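A.B. asks: The residues making up each chain are set out below.
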Amino acid sequence: MSSHRSNQIHIWFGTTGGIVAVLLLVQFLTGVLLAFYYVPSVDHAHTTVSYVEKVVSSGSWLRSLHHYGSQWLALFAFLHVTRLFWDEAYRYRKAHWIAAVVLLVLVMAAAGTGYSLPWDARAFFSTRVAEGLMNGLPFVGRYARLWLLGGSDISTITLSRFFALHVLLTPFLILAIVAWRVLRVRCWSNLNRNAIAGGLVFVALAIWCLKFPAPLGPPVETATAEYLPRPGAQFLWLYQTLKHVPGAVGSIVGVVVPGLGVAILASLPWLRARRRLIGGVVIAIFAVWVVTMTVAANLSDRRDQRTREQLARQAQQESNWRREPFTAVSLSGPQTSNTGEPPVLYVKFCADCHGQHGEGARRGNVTFPPLLDVPIKPRRYRRAVEKPARLRPATADAVLFRQAVGAADARGCRMDRALETVALSF
Amino acid sequence: MNTDSNVTDRSRRSFLQLLPLGVFAGVFASIGGAAFRFLRPRLAAPSDQWLDVATLAELTGPQPIAKKVLADHVSGWATTREEHNVFVLPAKNNQVLSPICPHEGCEVAWEQARNRFACPCHESYFTADGTRLSGPAPRGLDALPARVQDGKLQVQYRVSDNV
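Just so you know, the protein sequences line up as chains A and B, in that order. Quick note: the first sequence uses my numbering, first residue 1, plus one each step. Quick note: the second sequence uses my numbering, first residue 427, plus one each step.
A portion of the hints provided could be inaccurate.
Label-pair restraints from in silico Cβ distances [as the list claims (entries may be wrong)]:
| hint | chain 1 | residue 1 | chain 2 | residue 2 | range |
| --- | --- | --- | --- | --- | --- |
| 1 | B | E508 | A | R128 | 34 to 42 Å |
| 2 | B | L445 | A | S57 | 29 to 37 Å |
| 3 | A | A164 | B | R584 | 35 to 43 Å |
| 4 | A | W147 | B | E533 | 46 to 54 Å |
| 5 | B | F454 | A | A164 | 22 to 30 Å |
| 6 | B | L447 | A | S57 | 24 to 32 Å |
These are computed hints drawn from the structure, not numbers from a lab. None of these values were measured; they are calculated from a predicted model. Ideal Cβ positions, reconstructed from N, Cα and C, are used throughout, including at glycine.
Generate the whole structure from the sequences, applying the supplied hints.
C.D. replies: What follows is the structure, encoded as structure tokens:
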């Protein structure tokens, strides 16, 4: 009786492949749909994701499917590896085994790169953490970081990189792995059970996503210093681990050790002896590590009162934000304003020299060029004048003050040609 | 007896092979249904913004006067401010004409020398008051809703659906 039951469990455990297949299908379909609206630029990423969440029909559900689907996928991809290990696939079905291990890595890579894309506060912090992890790598750290960011700092180029990795490179590799795996299989066992399990998981995910929208934090520029970013469920173990290890050791623990573990698992088919033991130890250590740290992360958020309150406040802010109507952003600065009033910051910093309406002026031998209808660059100044609300007040002031002082510094003759032009119209 | 069980076996098997297809079809159908709503184009309501064209004092003479108006367009998550040409007819009680040719939607130009509007795309021509002269255009140039407010001529910019 008991052996019959364990056999039943084993048979259902054998359906992880079907579940992974269905979840991958969901990721592909929802990912393609999200790409119809998403714009990978720091200016517009958050706006377009908000638009999907608030305005587009079914947008919130589809994004939630993509978000939570990625977390479920990581779990089932891991279970799939475990189950294949149990069946000694590394001995009898090598292609099967290697495909499963590589798939797990790719699924985590896709999740890691995808997390940056909404460019909300938590995306920004997760990118920061990825940057730190790369930087701490032994020998190659400096270059790994620069190559990941595409420059010396996190910028819109970084977002483009993550976007390309997330929507072009990893999906292509995943497709290749799945295709290879499908073509190598001669006989499909348990197809129906796999299908039933996959279908049930999809229904559960679909219902879950109707109830819980995917989280979206505030845009990077409005996040306050108190904001507590939390990663997705599949990275909580890494997040919690990094709390316990100092600086550069984090890269060893967070990147090198998992990398070695994966390398050992992938090379199991070629090991001569003790494969069962080595693989079992690696998988067991990972399972215990991930479970312990995930639980610890949840507990520590609950135990500390200030953390708990701040997280509750963030949840409240997010639900308030969801109730606000969507406001479209302006793509081109207004050439004329309907009110006819110059912006407050213009009056404060620029009007003294360039005239009350940016028409330009002359004082003695000093020429202050007109600022109307001049090609505008860089965007930062314009934003500071026209939309100070989108920058922190101190930043808007500082940007313009620097510009005003820079202009006056040009020894009272002419504005230095090297200075960026600030142009306005109102 | 033997053939009988074979037949049920086979029909059972072919039924069971439908199951995986069914699950995939179910996933496709539920996401596909949402995808239809997700991708459905959003039609912007015609703008009811009144845009300043010019002060009445500027609008004199027998010729159509080309003016530019700035209109905000909301498209999805973005608003763009676009400049449009319009033609004011002082001779016709300051009627404002849209420059959009009713044939294929190109923008007509005023030909001073020949006293007519010409469409650069397919050679439609219109008189100085916008009436169709010749060419493939089905009708004259469309007039835009206009009003006078505080000594200024204002217009609502819209493109006819019937281009």
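A.B. asks: Given the hint of 24 to 32 Å, check if L447(B) and S57(A) actually sit that far apart at their C-beta atoms.
C.D. replies: At 28 Å between Cβs, range holds.
A.B. asks: In this structure, is the beta-carbon distance linking E508(B) and R128(A) contained in 34 to 42 Å?
C.D. replies: Taking Cβ atoms as reference, E508(B) and R128(A) lie about 39 Å apart, which means the hint holds.
A.B. asks: At the C-beta level, are W147(A) and E533(B) separated by a distance inside 46 to 54 Å?
C.D. replies: Between W147(A) and E533(B), where Cβ atoms are some 48 Å apart, the hint holds.
A.B. asks: Check the following: the C-beta atoms of A164(A) and R584(B) are separated by a distance inside 35 to 43 Å.
C.D. replies: At 40 Å between Cβs, range holds.
A.B. asks: At the C-beta level, are L445(B) and S57(A) separated by a distance inside 29 to 37 Å?
C.D. replies: 31 Å, holds
A.B. asks: Given a hint of 22 to 30 Å, does the C-beta separation of F454(B) and A164(A) actually sit inside it?
C.D. replies: 27 Å, holds
When each numbered hint is compared with the structure, no violation occurs for any of them.
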